[in-house]
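Undergrad: Given chain A's structure and the hints, the job is docking chains B and C onto it.
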Amino acid sequence: MHLTIALILGLPLLGFLLNGALALRQPSAKTVVSLIGPGVLLASFGLALKLFLDLSALWEGSPDAAQIVTLWSWLPVGSLQIDFAFQLDQLSMVMLLVVTGVGSLIHLFSVGYMKSDDGYARYFAYLNLFIAFMLVLVLGASFPMMFIGWEGVGLCSYLLIGFWFTEKANADAGKKAFIVNRIGDFGFLVAMFLIWQAFGSLNYQDVFSRATEVLPAGGAVVTAITLFLFLGCTGKSAQIPLYTWLPDAMAGPTPVSALIHAATMVTAGVYLVARSNVLFALAPTSQTVVAGVGALTALFAATIGLRQYDIKKVLAYSTVSQLGYMFLGVGTGAITAGIFHLVTHAFFKALLFLGSGSVIHAMHHAYHATHSHEDAQDMRNMGGLRKYMPVTAMLMIVATLAIAGIPPFSGFFSKDEILAFAFGRGEHQPIFRLYWAMGATAALLTAFYMARLIAMTFFGENRTGAREREQLHEAPWIMTGPLLVLGILSIAGGWLNLPEFAHGLGATERLHHWLEPITAMGAHVSEGLGTLAVLPEGRTETALIALAIAIAALGLFLGMTVTLKSRPVRAHDALPEQGFWKLLYNKYYVDELYDRYIVQPLIGFSRVVLWKSIDQGVIDEGGVNGAAGLSRALGWIGSRMQSGQIGVYMVLFVVGAVYVLGMVAWR
Amino acid sequence: MPLVGPSLLLSAILFSIGVAGVLIRRNAIVIFMCVELMLNAVNLTFVALSQAYGLSGQIFVFFVMTVAAAEAAVGLAIILAIFRHHKSVDLTNINLLRG
Amino acid sequence: MMTEQVFWFFAIVASLSALLVVVMRSPIASAFWLIATMLCLAAIFFMLHAPFIGAIQILVYAGAVMVLFLFVIMLLNLGQDQGAFRRAPLWFVAVVLVGVLGSQLVPLSGYSRERMALEYSRSALLAEPAVMFDSTMYAAGLDPVRETEARGVPGDIAKPLFEHYLVPFELTSLLLLAAIVGAVVLAKRRI
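Quick mapping for you: the protein sequence lines, in order, are chains A, B and C.
For the first sequence, the numbering used here assigns the number 1 to the initial residue and increments by one for each residue that follows.
For the second sequence, the numbering used here assigns the number 1001 to the initial residue and increments by one for each residue that follows.
For the third sequence, the numbering used here assigns the number 2001 to the initial residue and increments by one for each residue that follows.
A couple of the hints might just be wrong.
[Said to hold, decoys possible] So, partial list: chain B residues that the calculated Cβ filter (under 8 angstroms) puts toward chain A:
1) 1003
2) 1004
3) 1038
4) 1042
5) 1088
6) 1091
7) 1095
None of these hints come from the bench; they were simulated from the model.
Ideal Cβ placement from N, Cα and C applies to all residues, glycine included.
Looking at chain A on its own, in the form it has when it is part of the complex (with noise of 0.2 angstroms):
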C-alpha cells in the first residue's frame, strides 16, 4: 500500500524533475518527454485501477475501513502533529481515478497539440508536477495536506496560464490567477486555524468524528468556519466573487485549459466541501449561503456566456456556470449529486475543450499557411467546420447533448439530480425553490449558448476565408483518439448513478452508494436538524425530470436556428455590441469595477502609505538612517569630550563630584 501510494504519487513528480531537466539543458528532446511525459501519467492511472480493485473489495466487506498511510511525521509542534499522511477512502478513490484518468488523456492529446512549440518540455514538467499537486490534494489525509496540494495546483496553474509570458497579457492572466486564488486561500487558513482552535488537530479523521460533540449545531463557530472554507473556494473553483481569474486563464495552451480549469483544480472547492460535509451539515447558513452563490453563479456566467465569441471564453464561462451547480449540489446537502456532477462535467468539459483544442489548432494551421493576421479562435471567423473535421465536430456535439442534460447522456443524470434535490429541500427552507429556478433558467441558458458554439463554429457557411478553407483538416489521431475516449464517457457516465425510477437499466445509485460511508454521518446531522435534502417523489419527480428535459430541448432548439438565422458575419468586419448586448459582452464590466473599487485604492495606498510613508519615511528614515544618527551624535557628544581642553575636564571632574555628594547628601 505504501509504495503503492508512493509511486502514484512520485512518477509524476518524477516526471516533472525529469522533463524539467530535459527542458533546461535539451528542450530538443521531444520523443523522450513524449515518452516520459504521458508514459508516468498513465503508469499513474494504471496503479490507481489496480489500487480500486484491492480497495473495493476490501470495501465491499468494511465500507468504513479508509486506509491512511503516513509517510513520515511532518510538523510535530507542542500538542499539533501534522503527518505526511495519505488518506484512501470512497472520495477520494472517484478523484484519484478523475485526475489521473482524464489527466493520462490530456496528456496524450498534449503530444499532438504541442508538437511545434518550443517550450514541449517544459510544458509537460508543469503538467507533470500539477498532477503531482493534485493528488496530493485529493489524497491528503488531513487539511494541511490538502493545503499543500492547493497551494501547488494554484503555483503550476500559473506557471501553465503564463505558459506563453513572452507576451505581457499571458503573464498578466497568470498573476491574476494566482493573485485571486491568494485572497481564497486566506479564508482556507482562517478555517484551519478555527478548526485546530475548537479540535486540536486538523486530521480528517480526528475532526469528523469529533464534529458532532466539540461544535454546536448552527453556532456560530461551526458557521465561520465552513464560510471561510467556502471562501477558499470561492477562489478556487472560480465562483462569486473571485471568478474573474479563470476567463483569463484561457490565456493559457488548450489542453491546460482542458485539465485545470475544468477537469481537476477548479472542481477542488467541490471536494473540499464534500470532504467537509459534516461541518456544513452542522451550519445550514452556510449551506445556504453556498448554495445560493452556485445558483447565482451559474445564471451569471451563464448570461455571459450568451454573447461571448472566443469559444475558450464561452467553454470557461460555462464552466464557472457548471461549478455554480457543483456547488449547488453540495450545498443542499446532496454530496453524492454534486461529486456526480464533477465527474460528468470532467469528462464533457474536458472534451469541449480538447475538441476547441482541435479546432483552434486546425484555423491556426490554416491562418498560418496564408501569413493572416485573423483571431483562429473568434466563431466568428469559423463556420461550417464539420465538413472538414468530422470525427471533431461529431463528438462536439456529443458534448454539447451531455452538458444540456439531454437523456441519457451523462449530463442529464447528473444535473437533474441537482435540481431536484434542491427542489426537495425547498419543501423546508422556501429558498431552494429560488435556487432551482435559478438552477432551470441557467441551464435553459446553458443548452442554447452551447447550441450557439456548435452552430458558428461547425454549421453555416465557412467564413474562414477561401484560400485557408483549402489547410483545414482534421486533427491527427493522437488528438482525436482521447476526444474518442472520452466521448464515449460522457455518453455512459450516467450508468455511475442512475436515479431509482430507472432501476430496469441495472443497479441503481451506485455512486451513492459507493459514497455512503463518506456522506452518512453528515446525513445523519441534517435529519436532526430537519434539513436533509430529499428527492421528490412520484408526480413531482416526474413532471421535473420531463420540464428539464423540455427545458434543455427548447435551449438547444433556440440557441441553434437563432444562430443560424442571424448570419454571423467575420471577426473584422462586425459591428461593436450596443445596449444589453455591450453589457453581457463586456462581462458586466466586473473586472473594471474591481480594477476601480478594489485594486487601485490598493495600488494608491501601498504606494503612498506603505511604501513612502513608511517604508521610505519610518524604517529608511528613522530607522535605519535614524540609528546611524544616533550613533553618531553619541559619537559627537562622545568626541566633544576628549577635546583636551583641561577646562572641558574640570567641569566633568566636578560634575562626577557633585554626583557622588548627592549620592551621599541626598539618599
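TA: Only chains B and C this time, still in chain A's reference frame:
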C-alpha cells in the same frame, strides 16, 4: 564644641568658591591657586572636626600641607615648561591631552 | 561671646578674600588675596585649639608656597592679554554646578557628633558604628586641649605623629624628595 558648625559652614563656602574659580578662570596659575584654596577649606574641615574626634584631624592637616607644598612645586614647574613651549598659560588654547 | 565674634570677623574676611581671589584680573592680586585668606584661616586655626597647625599654616603655606607662586608669576611676566575669564556659556554651567555643590556641602555644617551617631545607627550600610568612635583604634581619642596642656604645643602633634603615624611620616619625606627631583627636572631648560 562651639565652633565646629560655623567652621564647617565656612569651609563649605570656601570650597565652593574654589571650585567656581577653577571652572571660570583662564590663567593656569590662578586655577592652581584656587585649588590651593580648596585644599585650605578641607584643612579647615579637618581641624574643626578634630575638636570632636581627637588629634587625628590635625595630623592629617599636617600631611595635607606637606603634600600641597610638594604638589605646588611640581605643578609650577610644569606650568613653566608649558609656558616655554606655548608662550602663554591660557588654558583654553592648550589641548595637549587630546586623544 | 568674644570668641564667636572674632571668629565671625575672620570668617567674613576669609570669605571675601577668597571671592576676590577668583574675581581679580591680575594674577598677582589674586595671589595676595589668597595670602590674606590663609592668614585669616591661620587665625581661625588658633581659635580651634590647633596652634601648631596655625603656625605651620603661616610659615609653610603663606610663607613658602605662596611665595613660590609669586616667584613664578613674576618670572613669567604675564600680562592681561586675552582676558581673565572663560566665555559666557561656561559661566552658566559653573554657576549651576557650584550652586548644586554648595547646596550639598552647606547642610553638612549641621553635623554634630550626636547627629552623626544617629545617622550611622540608622544606616544599614555602616555596620559597627561603635568601632568608628573607638578611641583605641585611632589617635582620635586624644583630646587636643588636654594634650596641649600636657605636652605643650609641638608635643601634642609629635606624640601621634611619631608613634602612630610614623610610616606616613617617612613616606612623606620620600614624597618630598620626589617632588624636588621632579620640579628640578621639569623646570630645567636642558636635561
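Undergrad: Could you run down the list of hints and mark each one as holding or not?
TA: Hints versus structure:
A distance limit of 8 angstroms between C-beta atoms decides the matter here; for residue 1003 (chain B) the minimum to chain A is near 22 angstroms, and the interface restraint is violated. The beta carbon of residue 1004 (chain B) comes no nearer than 18 angstroms to any beta carbon in chain A, farther than 8 angstroms, and the hint placing it at the interface is violated. Below 8 angstroms, beta-carbon pairs count as interface contacts, and residue 1038 (chain B) has none with chain A, the closest being about 11 angstroms; its hint is therefore violated. The interface hint given for residue 1042 (chain B) is broken, as the beta carbon of that residue sits about 13 angstroms from the closest beta carbon of chain A, more than 8 angstroms.
Look at residue 1088 (chain B): its Cβ only gets to about 14 angstroms from chain A, farther than 8 angstroms, so that hint breaks. Annotation: residue 1091 (chain B) was flagged as interfacial toward chain A, and the flag holds, the nearest CB pair being 5 angstroms apart, inside 8 angstroms. About 3 angstroms separates the beta-carbon of residue 1095 (chain B) from the nearest beta-carbon of chain A, less than 8 angstroms, and the hint is met.
In summary, the numbered hints that this structure violates are 1, 2, 3, 4, 5.
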